[in-house]
Structure formats: C-alpha cells, structure tokens
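Input sequences plus hints: build the corresponding full structure.
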Amino acid sequence: MPWTPAWLGLALLGCGGAAATTPVAPTPVEDAAPIDPDDDGDDGEDDDGVELVSDRGRIDPEVAAARVAPHAAALNDCYTQNLARRRWLGGTVELTWVVAVDGKLSGVRLSQSDLGAWPIERCLLEVAAGVNFGKPQGHGPAEVTFPVSFAGGGAAVGWDDDQAQAAVGGKPSELRACAKPGGGDPYNVAITIYVGTRGAVQSVGFAGPQPLAPAWADCAAAKIAAWKLPDPRGKIAKLQFTYNPVAIDDDAG
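Residue numbering for the sequence shown follows this note's numbering, starting at 106 and increasing by one per position.
Simulated from the structure, these hints should not be mistaken for lab results. Predicted model, so just to flag it, every value in this text is computed and none were measured. All the pointers check out, no bait thrown in.
Ranges of calculated distance between the beta carbons of each label pair, as one might list FRET restraints: (1) Gly245 with Ala271: 39 to 49 Å; (2) Glu231 with Arg161: 22 to 32 Å; (3) Asn293 with Ala320: 17 to 27 Å.
Here a beta-carbon is modelled for each residue, glycine too, at the ideal position from N, C-alpha and C.
Now the structure itself:
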C-alpha cells in the first residue's frame, strides 16, 4: 500500500508569525506577537519622530497554504515512487523557501531532515522550486518553512549521537573531495544514514542551513554508500551526524 505523508503545517518566519494548516482545507491561525516588556506602546516611531521599518517581509499564512496545496500530490510522489521495498524509510523534512521582494524565489533548501534518502529529498526540492508565493508583504524578503512527515521507518533502530560518532569515525573527512573548486564545503550538514547487513549503507540523505549543491550531495552520497559501518546484526540501524569541515580541520590540526 502507498505511504502518505502527514502534513505538519506551515511556519512563516521573519515578521510573519506561524500557522498550522493542511493543504486540503487551510485553517491557519497566526500566533500573537510576543509582548515586549520594554514597549511603551508607541506607534513604531522613535522619540525623534523617525519611523522604524522592518527589513523583513512576510507571506500571509493562508496564501502560503493555498500556494503549496496544489503541489502536495507531487511531493508525496517523490516518496512513494522512490520507496521501493524500503519500508523502514521514513522521517520528517523541513522545506524552507526564500522569497525575494519582487516575489521571485531566491532559493529553497532542506533546512532539516532525518528522512535519509537523497533521491527523495532532491525530488522534493525540485517540486518545491515550482511553488510561487507571490510578493511578500513588508519591505524585505520572506521565508516560508513547511515541515512534512513521511510515515514508515518503524523498523529502523536509532543509534544515539555517541553510537553515530563511533560508527563513522574519521570517514567524514572523505567528503572534502566533494567540494567544488574554489567553492569550499557546505557546513553543518545533517547527514542521515541507514545501515544494514554487514554494515552496508542502505540509504543516505542531507539537510543544512544553506542550499546544498546537487553535485556535492551526489558526490557525498556516492562516497558514503561505499562506507562499511558496524553491523546492526539483522536489523536496519539509523544514525545522524553533522558534517562540518571546519571541525575536521581543527581535529586534524
């Protein structure tokens, strides 16, 4: 039977607030702005009469929900069409869009993911790149973050941070070879790996605070696929570690 994602909602970042909704019947509710104990209740002007204008934009939650909803089936297809027999594959992905002042998409990234399947994650990014949110309200670019959870993964045994670090050891240094000439490495990349029989890598995926170049992720996925990790002995193990080339350099020094 096909696996279907549990849509967790939309979170508008910047000056926007947050909303919880589903693509089918959006009913977003914006959070109230936090109360500033130092706020004297003025109208946004300082004592000299200068108006303070935020440099962050926002996308209305209902607009965001309506713009993402038509792409829900395609996002789900990214998972179902790449699942094959890997019923243990599952997790939560956060897609984050950056919308420029003119409404054009500046970028989309996987800001968080423990799905651990780069082909699926790459497909999600390609679908997400087709979402048009329109011009943000306000005076600057806006971010839209959309978490989505894919069912499955129940058969995978999670390894904690200590187990994960012990398993990968110094292998992450091999990923330095994937850096673009003159472009450096991505930093603070969350790498999720599934490990199977005899320590063979079954699947790997990525997320990070900046957009990842597909060429880097393809290269890193190929190198990680060749790793031999501790044997989970008849089970599928799931681990995550953070790739940070600066930390690798510090350790080497």
